[in-house]
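Visitor: Residue numbers (my numbering), protein chains in the order written: chain A, 3 to 347; chain B, 3 to 347; chain C, 3 to 619; chain D, 3 to 619.
It is worth saying that the hints were derived from the structure and are not from the lab. It is possible that some hints are incorrect.
[Stated by the list, open to error] With a cut-off of at most 27 Å between alpha-carbon atoms, the simulated DSS-like pairs for lysine-lysine come out as follows: (1) D:K601 - D:K98; (2) C:K601 - D:K487; (3) A:K13 - D:K487; (4) C:K565 - B:K13; (5) A:K331 - B:K226; (6) C:K433 - A:K140; (7) C:K487 - D:K102; (8) C:K228 - C:K105; (9) B:K140 - D:K440; (10) A:K151 - B:K151; (11) B:K17 - C:K440; (12) B:K140 - D:K99; (13) C:K565 - D:K565; (14) C:K497 - C:K534; (15) B:K331 - C:K608; (16) D:K102 - A:K52; (17) C:K208 - C:K233; (18) A:K229 - A:K246; (19) C:K258 - B:K324; (20) D:K99 - C:K490; (21) C:K258 - B:K331; (22) C:K498 - A:K226; (23) B:K54 - C:K163; (24) A:K149 - B:K331; (25) D:K440 - A:K329; (26) C:K537 - C:K433; (27) C:K490 - D:K433; (28) A:K271 - A:K201; (29) B:K226 - D:K163; (30) A:K311 - B:K226; (31) C:K199 - A:K151; (32) D:K433 - C:K608; (33) A:K52 - D:K433.
The model shown is predicted, which means the values in this text are computed figures rather than measured ones.
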Amino acid sequence: MANSPEVVAQKYTAKDFTSDQDVRWCPGCGDYSILAQVQRTFPEIIQTNKEKIVWVSGIGCSSRFPYYMNTYGFHGIHGRASIIATGVKVANPDLSVWVATGDGDLLSIGGNHFIHACRKNIDIKVLLFNNRIYGLTKGQYSPTSEKGKVTKTTPFGSVDYPFNPLSLALGSDATFVARSIDRNPKHMQEMIKRVGQHKGFALLEIFQNCNIFNDGAFELLTEKDTKEDHVLVLEHGKPMVFGKNQDKGIKLDGAHPIVVDISNGKYSKDDLWVHDEFSDAPVHAMILAHLDDRVDLPSPIGVFRQYFKETYDEGIRTQINKIIEKKGKGDLEKILFGANTWEVS
Amino acid sequence: MANSPEVVAQKYTAKDFTSDQDVRWCPGCGDYSILAQVQRTFPEIIQTNKEKIVWVSGIGCSSRFPYYMNTYGFHGIHGRASIIATGVKVANPDLSVWVATGDGDLLSIGGNHFIHACRKNIDIKVLLFNNRIYGLTKGQYSPTSEKGKVTKTTPFGSVDYPFNPLSLALGSDATFVARSIDRNPKHMQEMIKRVGQHKGFALLEIFQNCNIFNDGAFELLTEKDTKEDHVLVLEHGKPMVFGKNQDKGIKLDGAHPIVVDISNGKYSKDDLWVHDEFSDAPVHAMILAHLDDRVDLPSPIGVFRQYFKETYDEGIRTQINKIIEKKGKGDLEKILFGANTWEVS
Amino acid sequence: MSEIKDKDFRVLTSVTVRFAGDSGDGMQLTGSQFSDTTAFIGNDLNTLPDYPAEIRAPAGTIYGVSGFQLAFGSDDVNTPGDLPDVLVAMNPAALKKNMKELKRGGVLIVNSDAFDQKNLKLANYDSNPLADDSLSGYELHQVPISSLTANALEGLPLSPKEVSRCKNFFALGLMYWLYDRPLKNTEDWIKDKFSTKQEYVDANTKALQAGYNFGEITEIFTTRYKVEAAKLPKGIYRNISGNEATALGFLAASVKSGLPLFLGSYPITPASEILQYLSTYKSFGVKTVQAEDEIAGVCAAIGAAFAGHLAITNTSGPGLALKTEGIGLAVMTELPLVIIDVQRGGPSTGLPTKTEQADLLQSIYGRNGEAPVCVIAARTPRDCFYMAIEASRIALKYMTPVILLTDGYLANGSEPWRIPHVNELPDISVKFRTDPEKFYPYLRDNNLARPWAIPGTPGLEHRIGGLEKADVYGTVNYDPDNHDKMVKLRTEKVKKIVNDIPDLEIDGDDHGDLLVLGWGSTYGSIKDAVNKARKSGLRLSHAHLRYLNPMPKNTGQVLKNFKTILIPEINLGQLAHLIRSEFLIPVEQLNLVRGLPLKVNDILEKINSLLGGGNGK
Amino acid sequence: MSEIKDKDFRVLTSVTVRFAGDSGDGMQLTGSQFSDTTAFIGNDLNTLPDYPAEIRAPAGTIYGVSGFQLAFGSDDVNTPGDLPDVLVAMNPAALKKNMKELKRGGVLIVNSDAFDQKNLKLANYDSNPLADDSLSGYELHQVPISSLTANALEGLPLSPKEVSRCKNFFALGLMYWLYDRPLKNTEDWIKDKFSTKQEYVDANTKALQAGYNFGEITEIFTTRYKVEAAKLPKGIYRNISGNEATALGFLAASVKSGLPLFLGSYPITPASEILQYLSTYKSFGVKTVQAEDEIAGVCAAIGAAFAGHLAITNTSGPGLALKTEGIGLAVMTELPLVIIDVQRGGPSTGLPTKTEQADLLQSIYGRNGEAPVCVIAARTPRDCFYMAIEASRIALKYMTPVILLTDGYLANGSEPWRIPHVNELPDISVKFRTDPEKFYPYLRDNNLARPWAIPGTPGLEHRIGGLEKADVYGTVNYDPDNHDKMVKLRTEKVKKIVNDIPDLEIDGDDHGDLLVLGWGSTYGSIKDAVNKARKSGLRLSHAHLRYLNPMPKNTGQVLKNFKTILIPEINLGQLAHLIRSEFLIPVEQLNLVRGLPLKVNDILEKINSLLGGGNGK
Ligand SMILES: Cc1ncc(C[n+]2csc(CCOP(=O)(O)OP(=O)(O)O)c2C)c(N)n1
Ligand SMILES: Cc1ncc(C[n+]2csc(CCOP(=O)(O)OP(=O)(O)O)c2C)c(N)n1
Ligand code: SF4
Ligand code: SF4
Ligand SMILES: [Mg+2]
Ligand SMILES: [Mg+2]
């Protein structure tokens, strides 16, 4: 892959991002695909100074990711990836900070750091490996497991409702929210590049198959015969069309999405809801995120929302620079002797 | 107040809910009003068995609340109110479990327990005393403080964006989301009753003035001459009208809210957006929650959204009962000797 | 010819076997099947599963090797054995990783089919160890297990992949033959495990039998081994692991206390199984909450304790660290709460699947302020059952948090257990406070325990929390003298538990040159080491602490009567630290922090070095 | 007449004054103004603010009383004093709460206007103490402070409420007159504090002067007091609190190390001020992150340390509990990190605004696994400055977490500080690893420290984390012997710090009957008690530990030379526990856990009881 046409021109090749550690995921695990797409796209995203890249993770199968990237890496503790990454980024805003995390790591124990990173708009790029299960601990249900799921810790079925990670991110005002699937390499590469280009907090949820403990969780979205009818590929400015032979579309009445048939002449593409990645309020994206709640609607992949506002790390840096401009660099002697002092002679 | 007409008929009076501890909030604190409204409405909400009420809190000025209610009470540790309450409720679903918490307690350190309680739909009633400041620790900024706020820990102004607590709750699929204001007792009483009647997780955000460290934070919404133009009182099934002489309204184009003048004949009430507390997706409420983002739009108070689904505590209880019905009550002797055993004689 | 074979039966009193192969080869299953059958025919035994932190590391790699060791015998067996007498290696990586441990002259059974270039390379073998003479000095048996299994299953409607999955049963069958164990248990297990997939039942059964017959008909094994049944006390037995015993212990405590059980938990290796077992006991009204994190787990349990449940929370080291603040709240509110810490290799994430004893001091001292809790520890897998009940009893009687320490070895290891009858178990029923007359939330009884008045009880409405409490009244109180008094009362309450726990027992003389003092899972290793030392003519004693805070009344007395105290621990000397501080006596230490149970031999060597020429008579 | 008065000047060598009033009465301000002026005219002094956990408890209530005590003198002053010589009580509640502490025969100044029925009732006085004779035996001065203030401010454009807010300045002025201090400092302070509100400047200044003049003209005070300047070493001084000194210390460490300072923090009493001070030093490039909680605070700091900053995190007990797991990560990744714990009353939420020393054992042992960190403690407010620098130096040099312990008393208390010049401070500059040649993340230097290679450095890309590390290479490693080695290396590294810290100093003979051993904020009380004991003819010595883990090399040697060791602590004996375990010697303890500094007298009594008839010669 390293010398596939489009990257030949780059300074780096996929190899440059491959560490000397053997990859230890289960054969067939969706994580392999994510690693491959990242290593393929990075030469394009990272034109120079790969030493400025830092991968941070928590704990989980997915969180082993940094070991396999030949960049700076920090394998943190469970749930703390996004806040450790925050420390790295605030300390040195010139670094490009990426987070690899799982549905348990980010949304269960790590939920608070996640929503605060969204709100503060910390410029870190979060790849959520969502396999809807706890992999590393051998198959307990996770906050994204569907209600009623039978797992090692829910032998009679879980009784709680899953998070919609994108809805949570949107509710927390994340500036970039997108989704892709492990089995769709091209699309994932697209999304990784978009993440790489975003300035601000970015969440990319990736549906990832855990073939050991939750095999087939995303079958409908990945199997040849079903995927077209169940996946809605979002493209900015385009009407929302899907279906085996592109015969279905999403129409909006008020804030309420419905599926219409555009093959029988009753409706045409012009009647369909047109995707707007940049809509000012999170509402548009929110409607999309909640398509998942209903079986009659497809699951969208692509960029749900992107907007821009000052990042936390920039805010801190700018504030400091402004103050130094105004008052000049601090003088310790002045501070020490500044308060009301007296002399004993 | 105890013998005001409407409660005379009740079994309990406000006095019955008043503990023997003197209230220790600062004179003028908005918390007094919240305590008063709760003690006034409880005789109506709690018809019998006040011993089944439990108030749980974290740490903060607001979290002293349970000491002043003559019910069972648990003053927890910082941020953990909603999860301690979860334990109480799951252990005994017959109890009526209430949480008193602050913007720091619930949304900063307690954020994760909060969003998980929303998601799991735990049947606890959360009163958020939002004064947009850390009161008890003497005035540091909180996750609901506006960007740029100057506080003890942000002498040059904060650089991060605040949470919209309702947006966060909606993004986490909370089943009841409402808001009121300390200075509007009647409305708060209404809301507290609604909370009391809801089965499932309920969040009531109350704008509360901290006259010591963040005085006037909600002035626009409470002062005579400004409040009508800045507060939108939501009522189910009614068009959204506001303004000094009820001359303004909210109109929706697509998912985009705008303010229109209904005094000059161009628009009438019929053109306005009609509030629907029970809309199936969180989108409708989400639009309302984000009115706050724009200065040109009023802040809604009232019930943003209410819907129903199985609560976590009921789910657990039902599952257990079903199993016992099917298999009968567990027999320890059977379990101990059940596995493949052998005899040594 | 069977009678010829009969001649060649060698009778052994104990054997240590290790199965090793890919994570995917099903070694854990093979091991546990061999254990169950072995237990079933009456041997005493002790097991040590040893699997990698990765779920299924790539096939053929060394770090992907999964192992299962067990020792079994006709005398009592207290450890999984130091070095195996027999090693079953399913591929080169398994051989490479385990060979150095095999006893000189030991039996080595390898799946010769797996020794191809690819696998040899993955295991970093430059030359094939089966070809060169690097294995001389061992009793090497090359068995083409893969192909023999394939042959045996010919004609069955299975994919090659499925066929190869059966090879562990072939190996198991062969070992059954070699050690003369019946196939029936495993055959039955296969039947109900794959009840829905007949072809799997056939395949695995065939493979099992083929392995057995291979031993029977080929001549490559000149001897077979017999290990007579152990002389265990009368009773009904089952084979049990520490985690299952822990879960059953709390279930029993729930039944005997009459309180519903509430577990607030978050999965973590090696503690998750306790949550998993308890979540199956719904018909006992057990409520298990898989919370968002460990803090939530302990706080939910505290809420449930307030509401009147038998509330517990289980975890491992990193999780215990997170529960620190919550446990402090339980100390201040004086609610009954049991925290189970299944210790693993640390610090930080450390070695998640390995065992260690390094959370003792964290358990006793790891909280802000003076926050005393009771700390006890189980010493064998089956002891976990009794200590779980004991932890519950103390927590309920003294209205206090209790930390129960086990570890990865106890959790996953197993041994035969003489099952007690429910009526043999202690009654630990509790009485809630219901009388409003003279009710004060912090008015203490003779044990210094405060009353337990639960929400729903009319007239007892009261408030508790994490701020300092007024003596008797339990209201918030900032008075200096009250604080001093309460700090001392809380500590005294935990100290008082000493009157309610058994004395420290001594195995051996109550005085002498050397006492080996241990706690927790080192029990078996120390016991064996001490017995071996005695056989070699030395005189020494063994005492094992199950109560760490407080320690039994007679502890100081016991120690005083020995010239030397040796404390072996899988940490850097945490019990040693406590003993030194408590009794001001010097102690000898043996500290090996290898993520593994202490080897009997390491302890024995230390004993010998301490008793020098021997002190026999 | 002033000359008449001059006759009545009594010269004192030291005085203890306590101001007490409503939380709303501005007693903290009054106290600190009096302190600053007193420091300014050259007295040595030591202060103890004592405010309620509530922000503004309802006026007139006892729990709403806020107090400020200070001792000042012409000799050196090491404590805020045991019992006040002078009590200023602004209302009945203040009198009720503090009266029992006033020295027999002490001076009592009350605001008589405040003694109305309502306030007397709120303070649970059945009869007016000013009317009955309950205050005989004290030098009582009834001053109608409220009305006098009102009169003084007549004509100013102020509301009654605003007027009454000025009465504390009247009281302050009166005290200035009584102890012969100048008004100027406070006048200046008022000017720039209210620069925007001229009417406030006028009002407060008038009130201040009115108080002073009241003393001057009325006859009710027959004597005034003079306290000569103390003989302090030459230099420029300022009055400083422990929290400000801590903040300045880390600022200095940042400057001297050349590393930008990063603070990951979450507000908590009494530690918040450190965050507040540091957030004002932006012009030094200081980055302060107010995180979502304490876990986030420490984890953000760890990220910043990885990125090459001088990373610190500050908190109090409950927060330290939450940081436990994070600190373990810093231990495993061997990154420099300083954790500041401003200890407060525990357990749990405990007594948030009170002082205590009960986090020592948590600091040393409160982590899962063997997770050694360096622990040091400041002993006076100004010592916080130097220990902050020392903590940074050790963390950076040894690539290790360091816990710096202070407490609520040090944090809020203040004393004069001879300000050092920047060039007098130790240089603690560090070198990052930049050379890719032979770079191994866990290859250690002579101090066993690993190299610090920060992101952004070409060619040094590497990965670290919480799983056990391979020696030298730092890759993930599960090998048993490697783990044993790394566990021991990490411990060894922290032990090695002993070669880099000063010996334990002894105040007094290096041998004898009694050594009083202390640590942290008890320094002043012990020092005074020891000196008083000496004055009474006893012979004894004092040593004070600033390094708790490791302890100074000569500690054992020092202890060995004394018949008796007395360890006074504001806990149940945590240092005593360490000393017993480390050195196997018995120790005498004095443990008062009252949320307050130890009283000199309590220590003195203990000393006397130990030295019985005296050991003078
Ligand atoms: C403090 C702490 N709690 C729990 C664990 C155990 N643990 C490790 S990974 C994990 C969850 C893994 O699930 P996920 O984050 O979805 O990652 P995946 O393995 O599925 O990729 C848990 C509970 C831990 N290592 N540390
Ligand atoms: C673990 C822990 N961290 C920090 C604190 C200190 N603390 C107490 S209350 C509080 C925040 C209070 O703000 P909020 O929740 O908004 O309540 P308010 O006082 O404003 O009503 C903080 C940081 C604590 N008590 N415990
Ligand atoms: S357990 Fe699941 S997620 Fe983990 S490596 Fe294996 S397949 Fe992947
Ligand atoms: S500090 Fe603010 S929130 Fe707290 S009691 Fe006072 S006014 Fe109320
Ligand atoms: Mg997962
Ligand atoms: Mg607040």
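Visitor: Hint by hint, say whether it matches the structure.
Guide: Evaluation of the provided hints:
For the proposed pair K601 of chain D and K98 of chain D, the alpha carbon gap of about 21 Å is at most 27 Å, so the pair holds. With a C-alpha separation of about 17 Å, the suggested pair K601 of chain C and K487 of chain D falls inside the 27 Å cut-off, and the hint holds. The hinted pair formed by K13 of chain A and K487 of chain D fails the criterion: a straight-line CA distance of about 41 Å is larger than 27 Å. Taken as a hint, the K565 of chain C and K13 of chain B pair is broken in the structure, with Cα atoms around 74 Å apart against an allowance of 27 Å.
A C-alpha spacing of about 47 Å is found between K331 of chain A and K226 of chain B, which places the hinted pair above 27 Å, so the restraint is violated. The suggested pairing of K433 of chain C with K140 of chain A is violated, with an alpha-carbon distance near 40 Å, which exceeds 27 Å. Proximity of K487 of chain C to K102 of chain D is assessed by CA-CA distance (about 19 Å); at most 27 Å being required, the pair is judged to hold. For the suggested pair K228 of chain C and K105 of chain C, the alpha carbons sit about 19 Å apart, so the restraint of at most 27 Å is met.
Between K140 of chain B and K440 of chain D the alpha-carbon distance is near 52 Å, which puts this suggested pair outside the 27 Å criterion. Among the hinted pairs, K151 of chain A with K151 of chain B is inconsistent with the structure: their alpha-carbon atoms are about 45 Å apart, more than 27 Å. Between K17 of chain B and K440 of chain C, the direct Cα distance comes to roughly 22 Å. Compliance with the 27 Å bound is thereby established for this hinted pair. Our distance criterion of 27 Å between C-alpha atoms is met by K140 of chain B and K99 of chain D, whose separation comes to about 24 Å.
Restraint check for K565 of chain C and K565 of chain D: the C-alpha separation of about 26 Å stays at or below 27 Å, so the hint holds. Using a Cα cut-off of 27 Å, the hinted pair K497 of chain C and K534 of chain C is violated, with the two alpha carbons roughly 37 Å apart. At most 27 Å may separate the alpha-carbon atoms for a hinted pair to count; K331 of chain B and K608 of chain C exceed this at roughly 53 Å. In summary, the hint linking K102 of chain D to K52 of chain A is not supported, as the alpha carbons are separated by about 70 Å, beyond the 27 Å threshold.
For the hint linking K208 of chain C to K233 of chain C, the alpha-carbon distance of about 34 Å lies beyond 27 Å, and the restraint is violated. With a CA separation close to 8 Å, the supplied pair K229 of chain A and K246 of chain A stays within the 27 Å bound. Restraint check for K258 of chain C and K324 of chain B: satisfied, since their Cα atoms lie roughly 24 Å apart, inside the 27 Å limit. Our distance criterion of 27 Å between C-alpha atoms is met by K99 of chain D and K490 of chain C, whose separation comes to about 24 Å.
Taken as a hint, the K258 of chain C and K331 of chain B pair is honoured in the structure, with Cα atoms around 15 Å apart against an allowance of 27 Å. The hinted pair formed by K498 of chain C and K226 of chain A fails the criterion: a straight-line CA distance of about 69 Å is larger than 27 Å. Taken as a hint, the K54 of chain B and K163 of chain C pair is broken in the structure, with Cα atoms around 60 Å apart against an allowance of 27 Å. With a CA separation close to 25 Å, the supplied pair K149 of chain A and K331 of chain B stays within the 27 Å bound.
Restraint check for K440 of chain D and K329 of chain A: not satisfied, since their Cα atoms lie roughly 44 Å apart, outside the 27 Å limit. A C-alpha spacing of about 52 Å is found between K537 of chain C and K433 of chain C, which places the hinted pair above 27 Å, so the restraint is violated. Simply put, K490 of chain C and K433 of chain D have alpha-carbon atoms about 49 Å apart, too far for the 27 Å limit, and the pair is violated. Pair hint K271 of chain A plus K201 of chain A does not hold up; C-alpha atoms about 33 Å apart against a cutoff of 27 Å.
Distance restraint check for K226 of chain B and K163 of chain D: the Cα-Cα separation of roughly 24 Å lies within the 27 Å cut-off, and the hinted pair is therefore satisfied. Distance hint between K311 of chain A and K226 of chain B is unfulfilled; the C-alpha atoms sit about 34 Å from each other, more than 27 Å. With a C-alpha separation of about 23 Å, the suggested pair K199 of chain C and K151 of chain A falls inside the 27 Å cut-off, and the hint holds. The suggested pairing of K433 of chain D with K608 of chain C is violated, with an alpha-carbon distance near 44 Å, which exceeds 27 Å.
The straight-line distance between the Cα atoms of K52 of chain A and K433 of chain D is roughly 22 Å, inside the 27 Å bound, and the hint therefore holds.
In this structure, the hints that do not hold are numbers 3, 4, 5, 6, 9, 10, 14, 15, 16, 17, 22, 23, 25, 26, 27, 28, 30 and 32, in rising order.
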